[in-house]
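Enquirer: Quick mapping for you: the protein sequence lines, in order, are chains A and B. End of the first sequence = 222 in our numbering, gap-free, step of one. End of the second sequence = 222 in our numbering, gap-free, step of one.
Since the hints were derived computationally from the structure, they do not count as laboratory data. Here a beta-carbon is modelled for each residue, glycine too, at the ideal position from N, C-alpha and C. It is possible that some hints are incorrect.
[To be verified] Label pairs and their in silico Cβ distance ranges:
| # | chain 1 | residue 1 | chain 2 | residue 2 | range |
| --- | --- | --- | --- | --- | --- |
| 1 | A | 133 | B | 183 | 12 to 22 Å |
| 2 | B | 39 | A | 57 | 24 to 34 Å |
| 3 | A | 87 | B | 61 | 44 to 54 Å |
| 4 | A | 168 | B | 219 | 15 to 25 Å |
| 5 | B | 164 | A | 27 | 31 to 41 Å |
| 6 | B | 125 | A | 125 | 43 to 53 Å |
| 7 | B | 144 | A | 125 | 42 to 52 Å |
| 8 | B | 195 | A | 195 | 37 to 47 Å |
| 9 | B | 196 | A | 28 | 20 to 30 Å |
| 10 | A | 54 | B | 80 | 29 to 39 Å |
Protein chains: 2
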Amino acid sequence: MHVAIPLYPGFTALDAVGPYTVLAFAPGWTVTFVAGAVGPVRDDRERLNLVAEAAYAQIARPDVVLVPGGPGALNAVRDEELLSWLREAHEHSHWTASVCVGSTLLAAAGLLTGRRATGHWAFRAGLAGFGAVPVDDRVVVDGKVVTAAGVSAGIDMALALLARASDATTAKTVQLALEYDPRPPFDAGSPQSAPVSLWRPALDLIGPSMADHATLPTPRNA
Amino acid sequence: MHVAIPLYPGFTALDAVGPYTVLAFAPGWTVTFVAGAVGPVRDDRERLNLVAEAAYAQIARPDVVLVPGGPGALNAVRDEELLSWLREAHEHSHWTASVCVGSTLLAAAGLLTGRRATGHWAFRAGLAGFGAVPVDDRVVVDGKVVTAAGVSAGIDMALALLARASDATTAKTVQLALEYDPRPPFDAGSPQSAPVSLWRPALDLIGPSMADHATLPTPRNA
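One chain only, chain A, in its complex shape:
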C-alpha cells in the first residue's frame, strides 16, 4: 500500500506525523510526503519543516491519500493544484482519509458531498456548508472515506484504517510497537470533558484566523 500525505504551509505537525508513524511501521506499507514542489514545508507553529519528497504530479494515484489539518487549511482551500490532485487521487484511491480540518479540504474538493464525516470539534459543523453530514465521533468511516477528529485523532484513525486495509492483528502489532496505551494526565481532550471556559482559549492557541471560523458546540448546561 502506498500512502501519500500532502503537506501545505501551516499544516499541524502531529496531524501528519501521527498517521505517518502508524502506517510507515506497517509491513508492506510505504508513505510519501508530497507537495506542490519537493522540499521543506513549514508547519503552523513555524518551528518545524518537514520535507516533501515528491511533487503532486509524481504520485498521481496513491493507494491511500491522507490529508492533515492545520490553520493553513484556510488558505489551502483555495489551492487549486492541491484540490485537483485530491480529486484525481480520490478517484483511484482505495482509501481517502483526513485528520482534523483536513476534512474541510476534502469537502472543498467536493469529495464529501452526502458523506458522513468528522473533523476538529470546533470546525466539524462547518462541513455541512459543503454538503457533508457532520458526525460527532473520533473516527468516521463512510465507504472508502475515513475522517478523524482533531490532531491527535489521526493516530486512532490510522490504526482503524490499518485494521480495515490490512487486518486487526497488523494494527495491534503496530500499536504495541508504538506503545500506544494512552494515559492523558487530564480529562480535557474534548469539549464534552473540558470546562467550557477553556473552549475559547484552546481556539486562540490554534490561531486567531481559525477561531473566526469556528462553530462552538452547545454547552451541556445550555
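Here the structure of chain A is known, so what remains is to put chain B in place on it, guided by the hints.
Expert: What follows is chain B alone, placed relative to chain A:
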C-alpha cells in the same frame, strides 16, 4: 521556555513530533530541532526528513532538552558530540526529558545514574545497565528528569511536563486544542494488554537490530 529536541539518523518521527506539537502549542514556549548540523535528518522508516534548524553549538543551554527515541539510538549512544551536548544542556536545564529509548541516550550520557526512569517496554530493563532504576510506568518524573515510555507516550509526557513547568490549565487548554481524547480501536498498546504472541512481531517491526537488544517482560501466565 525554550525546548531543544535533538535529532539523529533513525529517530522515530512520532517520538519527536508528539511532544513538539504539545509544547509548541503552549503560549510562551518555543521548540527548536537541533542536530550536529543544520539540515534534514532522516527517520527510522527512511521516509521522513525533518529539518534541524540549529546546530548543537547554537543552542547550548535550552530550558528544556527533550530526547526522542528510535532504532538510531543504537548508533547515537556512540555519538560523542550528541552525548557532550546532552551533558552540558542537562547541567543548565530546567527540565531534561526523553521519549522511548531516548532514555537510553540520557543514560549513556551518564544523566540517569541512580534515577528512576522509564522507556519503551522492551528496552526499559536495559536502563539498569547504566545505573538507572527502571520503572514500569508511562511517565516517570525524578527531580528535573522526565522520561516517557514508548513512542506515543511522548504526548502524555509533554502534557505532564507542561502542567509542571507552566500549569494544569495551560496543559488542559493545549490538550483540548489538539483534541487529545484518545480512543485506541484496540487494547493492545502495552505488553500487559497485547497477546504475548504479538511481542516478537512488534519488536521485528521496530527493527531487527533493536530486537537483539530487547529485554522482554515476564508473561503474566509464566
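Enquirer: Next, verify each hint and record whether it holds.
Expert: Hint check results:
1. A:133 <-> B:183: 12 to 22 Å: Once the Cβ atoms are compared, 21 Å apart, the range 12 to 22 Å for residue 183 of chain B and residue 133 of chain A holds.
2. B:39 <-> A:57: 24 to 34 Å: Since residue 39 of chain B and residue 57 of chain A have Cβ atoms about 26 Å apart, the given range 24 to 34 Å holds.
3. A:87 <-> B:61: 44 to 54 Å: 50 Å, holds
4. A:168 <-> B:219: 15 to 25 Å: Taking Cβ atoms as reference, residue 168 of chain A and residue 219 of chain B lie about 21 Å apart, which means the hint holds.
5. B:164 <-> A:27: 31 to 41 Å: Cβ of residue 164 of chain B to Cβ of residue 27 of chain A: about 39 Å, so the range 31 to 41 Å holds.
6. B:125 <-> A:125: 43 to 53 Å: Since the Cβ atoms of residue 125 of chain B and residue 125 of chain A sit about 49 Å apart, the hinted range of 43 to 53 Å holds.
7. B:144 <-> A:125: 42 to 52 Å: The hint (42 to 52 Å, Cβ to Cβ) holds, given that residue 144 of chain B and residue 125 of chain A are roughly 43 Å apart.
8. B:195 <-> A:195: 37 to 47 Å: Since the Cβ atoms of residue 195 of chain B and residue 195 of chain A sit about 39 Å apart, the hinted range of 37 to 47 Å holds.
9. B:196 <-> A:28: 20 to 30 Å: 24 Å, holds
10. A:54 <-> B:80: 29 to 39 Å: Holds: the Cβ-Cβ distance is about 36 Å, inside 29 to 39 Å.
Every hint, counting from the list given before, is met by this structure.
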